[in-house]
Amino acid sequence: MLFIQNSFGEKEMIRTFISIAIVAALMWSCTARTSSNSKQSSVAEPDSTYIPHYAKGFVINYFDGYSQIVLNDPWGDSTKTETIALVRDESKLKVLKAQNDVVLKYPVSKWVALSSTMVNYAHALGVKHTIKGVAEPQYIADDYLQEAIASGQVKNVGLAVAPDVEIMVDIEPDFMMVSPFKDNHFMAVESAGIPVITNADYLEHTPLGRAEWLVFVGELLGEGNNAKHQFEAIEKEYLAVKAKVSRVEDKPSVFTGHIYQGIWYTPAGQSYMANFFNDAGCNYIYNDTEGTGSLSLDYETIIDKAEHTDFWVLIINYPTEVTYNEIETIDKRYTDFDAYKNKQVVVTNSSYSRYFEKGLLQPHVVLSDLAHAFHPALLPDYEPVYFQLINK
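So the sequence shown is numbered by full-length UniProt numbering: it starts at 1 and just counts up by one.
Rather than coming from a laboratory, the hints here were simulated on the basis of the structure.
Mimicking DSS-like on lysine-lysine, the simulated pairs with C-alpha atoms at most 30 angstroms apart in a straight line are:
(1) Lys110 to Lys182
(2) Lys228 to Lys105
(3) Lys97 to Lys228
(4) Lys94 to Lys80
(5) Lys56 to Lys105
(6) Lys343 to Lys332
(7) Lys341 to Lys392
(8) Lys80 to Lys105
(9) Lys305 to Lys244
(10) Lys182 to Lys56
(11) Lys97 to Lys182
(12) Lys343 to Lys242
(13) Lys110 to Lys128
(14) Lys251 to Lys392
(15) Lys242 to Lys392
(16) Lys244 to Lys343
(17) Lys56 to Lys228
(18) Lys97 to Lys80
(19) Lys92 to Lys228
(20) Lys228 to Lys110
All values reported here derive from a predicted model rather than from experimental measurement.
With the hints as extra help, turn the sequences into a complete structure.
See below:
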């Protein structure tokens, strides 16, 4: 994705050219995008560098008067990187604009979040007040932001894949944070002079790798040290649970997923959820498959492999409480599995749970939930937060 530098210009000038910008964006949509390789690389050596312990998508370089975030290409092209300079010393602005894809005055005072997980980063860092625009607010459970949206202090910019450019211009954000798409959906926003910054957390394949993107967001929002300290605490708790579980000799088998439009989708053997299952002390039945995405299976394939598996982890969005009777109502074939018959189904229902919104930054909690379900004697007094055994 091409990042447009923040011109620090006037809103009225941007508004005057908004129509031209949109037309230009449409014309450019068929042309090749450039990467930061077209920029001059910084001559100076950083004073220090933050190299993530688990995340693969970014590093942070620290210089006198500014920091620089280097984003790796989310689709694995090692020849492409994108750079964001966060400038404390304004005398360096001109030089840094020639060397970076995005240049922002530090600290950022207002930005737009296009997903609820991005909102949760700001919540964790104590800077929700810096969010001035959100997409699809019906998926945001945060009371503070819902009140701010109702009062007009925070704007609804529309769809996450197609935010309203005129509303974006009214907000005048320092940047808009997006999830990566192979096709660029945000050229009109970029053409209006608003930097688009990619948060590729969901492409990380390990629980701690995803959570470490808190450090990336923290650096953007002026909370770098806070973010590092929080991540260190998350890592410590996660590894403590993992170590406790690793001593267990009896590892139950587990499968996951459910039927959607005739297909059973389940994570591949090197995926995010597969790593959770391994760390929670169980044998995921598709551990031996390649890849980090999903497998698409028919029912006959899944029942042949999973019929006698010990546990079924069900991640579902269902309008009422999920019980064994409800599972049978959803699809009678689900009763074929031993995990159903033996009442060994572990569920998170996103209609009630904030797993998708908050779980990314609480991998230690998710791991504890799963470990408690698979090995209840290890955590006898633990109260599950997101995942729990269905008890009726």
